[in-house]
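Visitor: Given these sequences and hints, build the entire structure.
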Amino acid sequence: MLAIIIGLAIGIIVPVQTSVNTRLRGVVGSPFTASFISFSIGTVFLVLLTLIVEGDFTLNEALWTTEPRWIWFGGVLGVIFLTGNILLFPKLGGVQTVIMPIFGQVIMGLLIDHFGWFDSAVNRLSPTRLIGAVLVLLGVVGTVALGDWLAKRRQRGQQETKNLAEVNLTGWRLLGIVTGMMSAMQAAINGHLGSVLDSAIKGALISFVIGTLTLLLVLLLVRPKLQLDRTAPKPWWMFIGGLIGATFIAGNAFIVPLVGTGVAIIIVTIGLLTGSLLIDRFGWFGAARTPVTGVQILSLLVMIGGIVLIRL
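Okay, so the sequence shown: first residue is -19 according to this note's numbering, each after it adds one.
Some clues are possibly wrong.
[Said to hold, decoys possible] Computed list of lysine to any residue pairs in SDA-like fashion (alpha-carbon distance at most 20 Å, straight line):
#1 Lys214 x Trp52
#2 Lys205 x Leu(-12)
#3 Lys205 x Val8
#4 Lys214 x Gly9
#5 Lys71 x Leu223
#6 Lys205 x Ser20
In short, the hints are calculated from the structure, not lab data. It should be emphasised that the depicted structure is a prediction, and the values quoted were computed from it without experimental measurement.
Guide: Laid out in structure tokens, this is it:
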């Protein structure tokens, strides 16, 4: 029961992290700056957590000698996922910013399992898993189609050019799918890294450190102007995105040994979808309030059913 509660909780806070980081981006003016602040705070948190739980920072020597180079890329993929979500949230809203990456995660997860990429255990694509993927696709199509219909209704009476510009979100949705695929790759890499180190927390810390250094390099190259919006509200919670990300990773590390990876993913996903619906419905953390209908809820339930078939 404790694992279920923790899994639902860490799933719910994922869309909260996106909302929080989006507010931070609105204040500092750059998605890269916002991501760097978030990663830095998360890194500090994981350093403290590693000291408390593990007691030291000792690393397995195999990490430097025999392991493949891709073991270091998890943090870079995390940067792509986090920054992509910051860009997606104002365009797609809470529900679609969660759903489109989930679709990408499912696609890449099936490929990783089928081919055994990143030293993962091979789990061939069976008819049951294929039916699950189709259900996820139907859930995505149902939710997106409804979103388009609602957008067109809200924009009636406005200029046609503006209507087309705001409703045509295909490119942003494709970006969401790609970031989800990056997230699935990061999970596989970090899972292998945690196995090599015999510590999921140390693996998460290495991933966060690499992500922070990657963002620092990006900031040095791009040199975005720090455009502080002094008129925008600056709530204290806009700095907790890194803590949420680190808590999510640590929470997964705790519940997976208790209930198994497949069940853990299902629990977290249900929490994640619930969190996105709540944020859209009530406009929490500065998000625009969007009505949630029965069709959307039904589409999300279809997606959950598909995920259950895929993972189990």
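Visitor: Each hint should be assessed against the structure and marked as holding or not.
Guide: Hints, one by one, checked against the model:
Straight-line distance between C-alpha atoms of Lys214 and Trp52 comes to about 35 Å, which puts the hinted pair past the 20 Å bound. For the hint linking Lys205 to Leu(-12), the alpha-carbon distance of about 38 Å lies beyond 20 Å, and the restraint is violated. Annotation: proposed proximity of Lys205 to Val8 holds, straight-line Cα distance about 9 Å (limit 20 Å). Of the supplied pair hints, the one linking Lys214 and Gly9 holds, its CA atoms being roughly 13 Å apart against a limit of 20 Å.
Proximity of Lys71 to Leu223 is assessed by CA-CA distance (about 24 Å); at most 20 Å being required, the pair is judged violated. Between Lys205 and Ser20, the direct Cα distance comes to roughly 19 Å. Compliance with the 20 Å bound is thereby established for this hinted pair.
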